[in-house]
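A.B. asks: Spelled out from the first residue to the last, the chains are:
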Amino acid sequence: MADQIELLQGPLDMLVLRTLQWGPQHGHGIGQAIRGRSEDLVRIEHGSLYPALHRLERRGWIAAEWKSSNTNRRAKYYRLTAAGRKQLVAERSKWELLVRTIARIMRPA
Amino acid sequence: MRDDELDEELRGDLEMEIEERVASGMSRADAESSARRAFGRLTAIKEATRETWRWRSVERAAQDARYALRLLRRNPAFTAAVVVSIALGVGAQTAVFSVVDAVLLRPLAFAHPDRLVAVMEHPSGGSQDRGMVSGPDFDDFHDQSTSFEHIAAFLTFTFPLTDAGEPIMVRCTGISPEFFDTLGMAPILGRMFRPEEHHVDGGQAILSYGFWQRRFGGDPHVLGKTIYLNHAPHEIVGVMPATVDLFSDTDVWAKYVPDFSWARQRDNHFLSVIGSLRPGISAEQGRQELQAIYRRIPGVGVNATIELKSLKDQTVGGVRHALAVLLGAVGLVLLIACANVANLLLARGAARQREIATRYALGASRGRLVRQFLTESLLLSAIGGALGILLADVLVRLLVAMSLDYLPRAEGVRLDVPVVTFAIAVSIVASVIFSIVPVVAVSRDSLHDAVKGRGVTSSHERSSRGVLVAAELAIAVILLTGAGLLARSFWRLLNVTPGFRADHVLTVRLRVPDDRIDASFYPELLERVAHRRGIQAAAVSDCMPTGFLAGADLLPPDRPYDPAHVPTADACFVSADYFRALGIPLVEGRWFGDVDGPRTPPVVVISDSVARQLWPGRSAIGRQVAVNYRSLGRPIEDAPATRTVVGVVGDVRQRGLDVPSRTAVYLPYQQDATNRALRAMTLFARTADEPEAMARSVQADVRALAPDVPVQAVTSLEAALRKTLAPRTFSLVLLGSFAGFALLLAAAGLYGVVSYAVARRAREIAIRMALGARKLDVLQTVLHQELRWLTMGLVAGLGGAFGLAQLFRSMLFGVGAADAWTFSGVIALLGLVSLAACWNPASRAVRVDPLAVLREE
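These protein sequences, in sequence, are chains A and B. Those letters in the first sequence? Residues 1300 to 1408, by the working numbering. Those letters in the second sequence? Residues 209 to 1065, by the working numbering.
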């Protein structure tokens, strides 16, 4: 648990968008997916996840829809919009830039 | 509704979590509790989510402001520099605007200010043409015109007030019946004069508000009391409200009596006339009607004109130009301040590029960053603006104290709601101006550059700083040139010789009651004063240079009489020692002496210019000239005595240092047939030491001789002369301070840019020096760009200054708008200041230790 990473708002948004690239998903599913993909390293607090989802929806990057889940339960499914797809590309290039920059700064002198 | 959905969403997801845990082998109860633990407090999640719905913009603004405030506190030097720049810019701008607002913009504080006009007569070829109207002309205007609701005449004079205590002089305005109706004023106590009372001199008086307060402490039972005005009893019948814009120095409202003989003379022009136009009647219509009436008067002629000016123009027209120049100048100061702040922000923006780039990479949108910059700018301008308003309050007090003497309506200058609104608007506009530049710098390109590179600044940013500094320098040049031209004018004026020696002359204004005027009063007084220790010469005259001057028509019998071109001159009745006391040199002939008395042949002393005009190339001594003396309240003589010229004296500038000398004639005061001149005389005493030191003893002499003669307006002639320079002092001090401030700001901007250029290219300098380049060459290469901006600013400024200087030609004295001294002085000064501003960073550049710099890399 001590090694788990807490995500800042920017990267969290990016990861949510990335997860939805594989198809519509509900909040619980998104959390699980990120956790699974990061091999449990990244754990997302529900207190950050839901605000993030609503924020992204508000900005028009994702859209929500009530559907029945596999277990026949009504759930709110989110999917990526066209704007969201573009945003993801932008976020990703920004992110790569940052990673490279930080890496260069951190490089042993 | 949205809350229910959120509730359902969370509940559903929680249920899924539980089911997953049950599926992995937990009991239902365990699964539920562990899932709930994992989820965290539902209410907290809901709260955090709701946050994203509402108040987003407000929250953000608050966050931005908090962040900005923290940043500003962390850079106190930067913050102080910006805030002080804005405060000075806004403060000066607001102070000057408050003056412009009160003096030029605000309507006069009367009932129908837009319909109030001043009426002026301009007789064709008129000799004493100051627009004044004669009594009979006024009667014609009043009786025949239909364009005016009311039309009224007034004249101002001073009367002695001899109640209990020291006699004093009070300022009276004599008014015709409809005067207060014209202005739309009603008494706050008592009544106005009755129509029949207007035909009798004295008897009643109406107090002005100020005088009522000062003299009677605002006594509500003042009506019916008697005051002794001009040694005659007057019953107080009314008190008028305060008039702030006009007549604010009137103490007592008296009557203009149209029945006096001098008031019945067509060619005795002494009345000021005001009128209130009927609604719907234009000033031009009113003017045409009055002009038609005027031209019908026999002897007036078809070239005579009537001029109608709005009463406000008449009151403040004289200072409009100077105030407009000041407002423009202070606007330039504000612009410079903005440019400087933009420059500072830009410089800091460069230093903050890393921070900005990081925030951008971490997910802050570009809009957010721009908003952050705007928040910072607004915060800075809010603090600066608030300080500026405080500063303006101080400046306004200073301005009013400085300008009360000559600026009309100056009492009304204050920081009120419109002025403060203006200040706030100015701050906002300023903040928009100076924040545009750094915002442009947050372009996508520069962000990427910043993230990738090591602070390599775009040439774009560098050139915007260059333009800013060039603009600052240009504006500074303009302001300096303006101030320089005014200063040169002032210096020229101080070196003007007025034709008399104003130093060491004490002047005392006397008002003698008619029954005290006898042959002995003035000779006795002069005898007493002249024999005091410390007095070198004493004289009396009914004139006071820069103050009261009468005029005269000159009628030499050896020249044909041409009514359209009557020679005129300033005219004074003087005692024998007048020329000695004032130090006016004798050119030819003699001064007056004891031989010139009431029963000896009438004589006259003329100024050099009169001699040259009437008898060019010949001696004037012994020539004959009739002098028709004109002054307020004096009937014009039908056949004035012909006088013999006994002396010619130098020309004098009696009206002020900046008014050219006029022709002048001097008459012995004992030879005034009417004795009118003797009622109000000024005593001139040339002193050995400071004139003010003798004031008390001279007053004692007057008091000993005539206890009921009021002594007022004791001043030195020098002070009176200096007072005529007050408007110029005002403009010069203001424009000078603006220019100085502009120069400082521009120098600071230049210093910043050069320092920056040196710091940015330290490595290049080091390499060049390591390769053996000479220091001067290095400097030239490094500062090449900056020097170009400097030159451009200078050239643009000189061009602008040259153009703008033409606009205030009328404020100059003895220097041309293209004065070479001023322009070369400004160039030299700016060159020096630029050199000083560049010195420190440049010398830092050449002292660079190449090895140290390169090792650092």
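To be clear, the hints were calculated from the coordinates, so they are not data collected in a lab. A portion of the hints provided could be inaccurate.
To be verified - Keeping only pairs whose Cα atoms sit at most 20 angstroms apart, straight-line, the calculated EDC-like set for lysine to aspartate or glutamate is:
(1) A/LYS1375 - B/ASP985
(2) A/LYS1366 - B/ASP766
(3) A/LYS1375 - B/GLU216
To be verified - Quick list of simulated restraints, FRET-style, between CB atoms:
(4) B/LEU277 - A/MET1405: 26 to 34 angstroms
(5) A/ILE1401 - B/LEU277: 26 to 34 angstroms
(6) B/ALA633 - A/VAL1388: 41 to 49 angstroms
(7) A/GLN1308 - B/GLY1011: 32 to 40 angstroms
(8) B/ARG281 - A/MET1405: 29 to 37 angstroms
(9) A/ILE1404 - B/GLY1039: 42 to 50 angstroms
Beta carbons are placed, not taken as given, at the ideal position from N, Cα and C, and that holds for glycine.
A.B. asks: A separate judgement is required for each hint: does it hold in the structure or not?
C.D. replies: Hints, one by one, checked against the model:
1. At most 20 angstroms may separate the alpha-carbon atoms for a hinted pair to count; A/LYS1375 and B/ASP985 exceed this at roughly 72 angstroms.
2. For a cut-off of 20 angstroms, the pair hint linking A/LYS1366 to B/ASP766 is broken: about 122 angstroms separates their Cα positions.
3. A C-alpha spacing of about 9 angstroms is found between A/LYS1375 and B/GLU216, which places the hinted pair at or below 20 angstroms, so the restraint holds.
4. The supplied range of 26 to 34 angstroms is met by B/LEU277 and A/MET1405, whose beta-carbon atoms lie about 31 angstroms from each other.
5. One distance hint, 26 to 34 angstroms for the beta-carbon pair A/ILE1401 and B/LEU277, holds here, with the actual separation near 28 angstroms.
6. A C-beta distance of roughly 44 angstroms is found between B/ALA633 and A/VAL1388, which places it inside the suggested range of 41 to 49 angstroms.
7. Here the CB-CB span from A/GLN1308 to B/GLY1011 is close to 56 angstroms, at odds with the stated 32 to 40 angstroms.
8. One distance hint, 29 to 37 angstroms for the beta-carbon pair B/ARG281 and A/MET1405, holds here, with the actual separation near 30 angstroms.
9. At about 45 angstroms, the beta-carbon gap between A/ILE1404 and B/GLY1039 stays in the expected band of 42 to 50 angstroms.
Checked against the numbered hints listed earlier, the structure breaks hints 1, 2, 7; every other hint is satisfied.
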